[in-house]
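These protein sequence lines are chains A and B, in that order. All the letters of the first sequence, read from the start, carry residue numbers 5 to 191 under the working numbering. All the letters of the second sequence, read from the start, carry residue numbers 5 to 191 under the working numbering.
No wet-lab data here; the hints were simulated from the structure. Treat the hints loosely; a few may be bogus.
[As the list claims (entries may be wrong)] In silico lysine to aspartate or glutamate, EDC-like type, Cα no more than 16 Å apart, as pairs:
{"#": "1", "chain 1": "B", "residue 1": "K131", "chain 2": "A", "residue 2": "D16"}
{"#": "2", "chain 1": "A", "residue 1": "K180", "chain 2": "A", "residue 2": "E190"}
{"#": "3", "chain 1": "B", "residue 1": "K131", "chain 2": "B", "residue 2": "D36"}
{"#": "4", "chain 1": "B", "residue 1": "K181", "chain 2": "B", "residue 2": "E112"}
{"#": "5", "chain 1": "B", "residue 1": "K180", "chain 2": "B", "residue 2": "D87"}
{"#": "6", "chain 1": "A", "residue 1": "K180", "chain 2": "A", "residue 2": "D101"}
{"#": "7", "chain 1": "A", "residue 1": "K180", "chain 2": "A", "residue 2": "E42"}
{"#": "8", "chain 1": "A", "residue 1": "K69", "chain 2": "B", "residue 2": "D101"}
{"#": "9", "chain 1": "A", "residue 1": "K69", "chain 2": "A", "residue 2": "D101"}
{"#": "10", "chain 1": "A", "residue 1": "K131", "chain 2": "B", "residue 2": "D14"}
{"#": "11", "chain 1": "B", "residue 1": "K93", "chain 2": "B", "residue 2": "D36"}
{"#": "12", "chain 1": "A", "residue 1": "K131", "chain 2": "B", "residue 2": "D16"}
{"#": "13", "chain 1": "B", "residue 1": "K93", "chain 2": "B", "residue 2": "E173"}
{"#": "14", "chain 1": "B", "residue 1": "K93", "chain 2": "B", "residue 2": "D166"}
{"#": "15", "chain 1": "B", "residue 1": "K131", "chain 2": "A", "residue 2": "D14"}
{"#": "16", "chain 1": "A", "residue 1": "K69", "chain 2": "B", "residue 2": "E70"}
{"#": "17", "chain 1": "A", "residue 1": "K180", "chain 2": "A", "residue 2": "E88"}
{"#": "18", "chain 1": "B", "residue 1": "K69", "chain 2": "A", "residue 2": "D101"}
{"#": "19", "chain 1": "B", "residue 1": "K69", "chain 2": "A", "residue 2": "D14"}
[Claimed, not checked] Per the computed footprint, the stretches of chain A lying under chain B, defined by three or more beta-carbons under 8 Å from a beta-carbon of chain B, are:
{"#": "20", "stretch": "6–16"}
{"#": "21", "stretch": "31–42"}
{"#": "22", "stretch": "62–70"}
{"#": "23", "stretch": "86–96"}
{"#": "24", "stretch": "126–139"}
{"#": "25", "stretch": "183–191"}
Fair warning: this is a prediction, and the values are worked out from it, not measured in the lab. By construction, the Cβ of each residue, glycine as well, lies at the ideal position given by its N, Cα and C atoms.
Protein chains: 2
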Amino acid sequence: MSTIVPATIDFDGVTGLLKGPGVLQQFRTLSDLVGVFEDEAARSSMDPATPAYSVRTLLPVPEGKEGGLFFGCTYLQPGLVGDEYFMTKGHFHSNRDTAEFYWGIEGEGVLLLMAEDRTIRAEQIRKGSLHYIPGWTAHRMVNTGDTVLTFGACWPSDAGHDYETIRREGFAARVKKGPDGPLVVEG
Amino acid sequence: MSTIVPATIDFDGVTGLLKGPGVLQQFRTLSDLVGVFEDEAARSSMDPATPAYSVRTLLPVPEGKEGGLFFGCTYLQPGLVGDEYFMTKGHFHSNRDTAEFYWGIEGEGVLLLMAEDRTIRAEQIRKGSLHYIPGWTAHRMVNTGDTVLTFGACWPSDAGHDYETIRREGFAARVKKGPDGPLVVEG
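Build the full structure now, drawing on both the sequences and the hints.
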């Protein structure tokens, strides 16, 4: 007779809380987002310790392993730098031909997707929306709401993160607060 | 200026309902589970149209594509065949070295994991539990509760399903209703 072992990792589908042994936590403040916003003067005038987002991840296998998967949840704060909403750094996968799923848990925002030819697609993310991010596609999340935007993610363990291309070249569009809601402004 | 396109796929983290364009639905009845339960006479005496489980899947890329991902949700009915709980067929991945995540959304059950050497691990699954299924590991879900067991899943698009090995060799353990709850009985 075998025993039934309790699950050790919790993922709350309602709040998005991911916790348990091996779950890593990373915190990003505005000081980690130098050069990300158009109005760098506005960013640098704000408290650099302002929380921008945190990420909890479960990496059950080493980074780079083929055939494995990682799981995570991101908690993106609401806020503005000038007229631009708080957002994640954004990245391509280092292994370009690897995909990712995102799903909205709480809050509202815009998922910016950018192909290698810099073509932009902006998808609304909300509680209960599911998003497939194909390979060769940079992805950045933007919180356009007044509350924390929480979303889940699952991606291959050999995807890797190429933040450098986005740091150097940026995205081809920005999401700004307009008079009637968020605007995706290209260029 | 780009438009913000609404998300087209819904995944409800509370109920597990997955729907939208391209979401496939598969239904399994007891007639699809010939040879799965120890007491085949008990199974064959039951209405073959009895629903056992259904699966909703989103396959954004062709099966077999490397680097892509699939997403799904399974709704496993409660019930007994003899003293054995309703369960899924169970499978290895055809591409053995590919992993999968499962997470519990509603109900309660046991995730049976079996290595290639037939070593068994039985994990309790419940609302809010997250499970990593490593490569080389057959997986079968068992509903030990009185309500539908709903769980989400994400797996690589080149994983494939090897049901045949399990059909031929079975799992090395069965989950049965005991006097004080579920028992994992080996052999």
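Evaluation of the provided hints:
1. B:K131 to A:D16: holds (8 Å)
2. A:K180 to A:E190: holds (10 Å)
3. B:K131 to B:D36: violated (27 Å)
4. B:K181 to B:E112: holds (14 Å)
5. B:K180 to B:D87: holds (5 Å)
6. A:K180 to A:D101: violated (30 Å)
7. A:K180 to A:E42: It holds: about 10 Å lies between the C-alpha atoms, which stays within 16 Å.
8. A:K69 to B:D101: Roughly 10 Å separates the two Cα atoms, so the pair holds.
9. A:K69 to A:D101: holds (15 Å)
10. A:K131 to B:D14: Distance ~9 Å between K131 of chain A and D14 of chain B Cα, so the pair holds.
11. B:K93 to B:D36: holds (9 Å)
12. A:K131 to B:D16: holds (8 Å)
13. B:K93 to B:E173: At roughly 12 Å apart (the allowed maximum being 16 Å), E173 of chain B and K93 of chain B satisfy the hint.
14. B:K93 to B:D166: The given pair, whose Cα atoms are some 11 Å apart, holds under the 16 Å limit.
15. B:K131 to A:D14: Satisfied, since the Cα-Cα distance of roughly 9 Å is no more than 16 Å.
16. A:K69 to B:E70: holds (14 Å)
17. A:K180 to A:E88: Holds: K180 of chain A and E88 of chain A sit about 4 Å apart, inside 16 Å.
18. B:K69 to A:D101: holds (10 Å)
19. B:K69 to A:D14: violated (30 Å)
20. 6–16: holds (count 10)
21. 31–42: Per the Cβ count (0), the hint is violated.
22. 62–70: holds (count 4)
23. 86–96: Contact hint for the stretch 86–96 of chain A vs chain B: violated, 0 residues under 8 Å.
24. 126–139: With 13 residues closer than 8 Å to chain B, the stretch 126–139 of chain A meets the three-residue bar; holds.
25. 183–191: Per the Cβ count (5), the hint holds.
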